[in-house]
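Q: Sequences are here, hints too, so could you generate the full structure?
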Amino acid sequence: TGDDPNALLVHDIDILNIVNEMRASGAEAIAVNDQRITAMSEIRCAGTTILVNWNKVAPPFVIKATGNPQLLESGLSIRGGKLEELKSFGLQTQLVKSDYIEIPAYNGVIKYEYTKPKENEKKADS
4 TGDDPNALLV HDIDILNIVN EMRASGAEAI AVNDQRITAM SEIRCAGTTI LVNWNKVAPP
64 FVIKATGNPQ LLESGLSIRG GKLEELKSFG LQTQLVKSDY IEIPAYNGVI KYEYTKPKEN
124 EKKADS
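Quick note, the sequence shown lines up with residues 4 to 129 if you use this note's numbering.
Calculated directly from the structure, the hints in this document are not laboratory data.
Watch out, some of these pointers could steer you wrong.
What the hints assert, rightly or not - Quick list of the computed label-pair ranges, beta carbon to beta carbon:
#1 L94 with K119: 39 to 47 Å
#2 E31 with Q97: 18 to 26 Å
#3 L94 with T118: 36 to 44 Å
#4 N58 with Y115: 15 to 23 Å
#5 G50 with G111: 31 to 39 Å
#6 R26 with K121: 24 to 32 Å
#7 N123 with E88: 29 to 37 Å
#8 R26 with N110: 34 to 42 Å
#9 A49 with I106: 19 to 27 Å
C-beta atoms are modelled at their ideal positions from N, C-alpha and C, and glycine is treated no differently.
A: Written as structure tokens, this is what we have:
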């Protein structure tokens, strides 16, 4: 048929672009398949799998976010946005609003390269 089989695959860049659209729409906390996204999170391809925070994630991809539901929905539904692009390739996408969303805490290791956490200081008595 000449169709590109990769067109029906979700790639790491697809997930990253959706996460970035959520951030731009005011998302306060984001998780991909229950992997909390932080400023240091990596979303990358490793062979045939996608890694988020160095953990393998697999379809179906569930991306959750907290924030203003109207802003998130309008940001993700924007014409020419990533969700519209994925739909045009025949991939199923769904936006769901919920009154309660649970975003897990980040459970990875935080590495400090240039900074060191400050140790507790004793406060002088007044």
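Q: Give a verdict on every hint.
A: Results of checking the hints against the structure:
{"no.": "1", "hint": "L94 with K119: 39 to 47 Å", "result": "holds (44 Å)"}
{"no.": "2", "hint": "E31 with Q97: 18 to 26 Å", "result": "holds (21 Å)"}
{"no.": "3", "hint": "L94 with T118: 36 to 44 Å", "result": "holds (40 Å)"}
{"no.": "4", "hint": "N58 with Y115: 15 to 23 Å", "result": "holds (21 Å)"}
{"no.": "5", "hint": "G50 with G111: 31 to 39 Å", "result": "violated (21 Å)"}
{"no.": "6", "hint": "R26 with K121: 24 to 32 Å", "result": "holds (28 Å)"}
{"no.": "7", "hint": "N123 with E88: 29 to 37 Å", "result": "violated (49 Å)"}
{"no.": "8", "hint": "R26 with N110: 34 to 42 Å", "result": "violated (21 Å)"}
{"no.": "9", "hint": "A49 with I106: 19 to 27 Å", "result": "holds (24 Å)"}
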